[in-house]
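Engineer: Sequence:
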Amino acid sequence: MAGIKAWVEEYDAVVKEVEDLRLMPEFVKEGVVTEQELDEQYARAMHRIEELELRNMLRRDEDRMGAIMDINSGAGGTEALDWAGMLLRMYTRWGEAHGYKVKVLDYQAGEEVGVKSCTLEFEGEYAYGYLKSENGVHRMVRLSPFNANNKRQTTFASVFVSPAIDDTIEITVNPADIEWDTFRSSGAGGQNVNKVETAVRLRYHGKDADTGEPIEYLIENMETRSQLMNRENAMRILKSKLYQRELDKRMATQQALEATKKRIEWGSQIRSYVFDDRRVKDHRTGVQTSDVEGVMDGDLDEFIKAYLMEFGGQA
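Going by my numbering, the residue at position 162 of the sequence shown is 547; the numbering climbs one at a time, nothing skipped.
There may be inaccurate statements among the hints.
Here are the computed lysine-lysine pairs in the DSBU-like style, where the Cα-Cα straight-line distance is at most 30 Å [unchecked claim]:
(1) 536 <-> 592
(2) 414 <-> 401
(3) 690 <-> 486
(4) 634 <-> 536
(5) 690 <-> 626
(6) 536 <-> 501
(7) 501 <-> 401
(8) 666 <-> 536
What the hints contain is simulated information worked out from the structure, not anything from laboratory work.
Note that the structure is predicted; figures quoted are calculated from it, not measured.
Just need the whole structure built from these sequences, with the hints factored in.
Structural biologist: Now the structure itself:
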């Protein structure tokens with residue numbers, strides 16, 4: 386009900402903006418308002434309409450949830466590790482700019498630079514609805530600073546997003562399907578941040594209730610200095626992944642998110658970031674920008690909006 390009430394309030398606000406806009410040409414003639422004020426009112430009304438239209442694309446129950454994001458480096462060696470680290474920064478910037486609390490749940494540093502893999506959580510409404518557009522393989526092309534000849538190099542990283550479920554959604558997990566390990570947590574660059582084994586590793590070996598197909602997940606969490614809290618966080622991530630799996634089964638006849646989980650290599654990318662040509666292009670929607678720096682600083686709204694307007698009804 387709260388979601389419906391919020392949507393109705395937004396709709397009423399848009400209607401009022403449009404009604405005010407219809408009256409303003411007469412006010413301009415009478416000298417009550419200026420043409421600049423009319424233009425500003427028009428821009429505000431169009432922005433509210435676009436926001437409402439976009440929000441209407443986020444009408445599934447899970448769209449309102451927070452998000453769990455996994456970033457994994459792919460083909461490309463040291464360059465790929467650096468690229469995964471750059472994506473971590475990009476999504477953190479996007480989340481903070483949109484008022485989400487971004488937490489690093491797991492961080493596996495690269496041997497020299499960057500990130501092998503990491504898991505982020507975005508706390509706040511509609512984080513999943515927006516970030517599901519980022520699910521897939523991201524390709525970077527640049528003159529590599531790690532190549533002695535400064536040659537142009539292509540590298541890849543994958544991004545997978547699932548809803549961050551809470552206690553209101555019941556997911557049953559058989560304790561017999563879980564194995565636990567503990568280890569010392571480490572930060573970027575490999576330095577120890579805890580001398581006690583507070584980090585946890587969860588191995589899940591389950592079966593699909595309908596098909597009997599094996600289901601396996603490996604989840605590591607080192608978010609806090611409390612082993613108990615890290616175990617709770619790992620279980621929450623596991624339940625989020627199992628919930629996402631059920632969503633994918635339900636949407637098997639549509640563009641299920643699991644169908645985007647291609648090999649992390651050439652030809653499977655959803656978006657290309659070409660630094661020396663100053664071009665970022667989304668291969669699903671055709672949206673393109675030359676503001677590479679802005680994108681890497683988290684300016685992703687144009688890409689997210691285009692994806693939701695084109696695929697939001699089926700994603």
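Engineer: Verify the proposed pairing of residue 536 with residue 501, using a straight-line Cα cut of 30 Å.
Structural biologist: holds, 23 Å
Engineer: Given the hinted pair residue 690 and residue 486, is their Cα-Cα distance within 30 Å?
Structural biologist: Within the cut-off at roughly 21 Å; holds.
Engineer: Are residue 690 and residue 626 close enough, with their CA atoms no more than 30 Å apart?
Structural biologist: holds, 25 Å
Engineer: Is residue 501 close enough to residue 401, meaning Cα to Cα at most 30 Å?
Structural biologist: Violated - the C-alpha atoms of residue 401 and residue 501 are around 50 Å apart, more than 30 Å.
Engineer: For the pair we were handed, residue 634 and residue 536, check the Cα-Cα distance against 30 Å.
Structural biologist: The given pair, whose Cα atoms are some 43 Å apart, is violated under the 30 Å limit.
Engineer: Can the restraint linking residue 414 and residue 401 be considered satisfied, given a maximum Cα separation of 30 Å?
Structural biologist: Between residue 414 and residue 401 the Cα gap is close to 21 Å, so the pair holds against 30 Å.
Engineer: For a C-alpha distance cap of 30 Å, please report whether residue 536 and residue 592 respect it.
Structural biologist: violated, 47 Å
Engineer: Given the hinted pair residue 666 and residue 536, is their alpha-carbon gap at most 30 Å?
Structural biologist: Cα-Cα ~22 Å, so holds.
Checked against the numbered hints listed earlier, the structure breaks hints 1, 4, 7; every other hint is satisfied.
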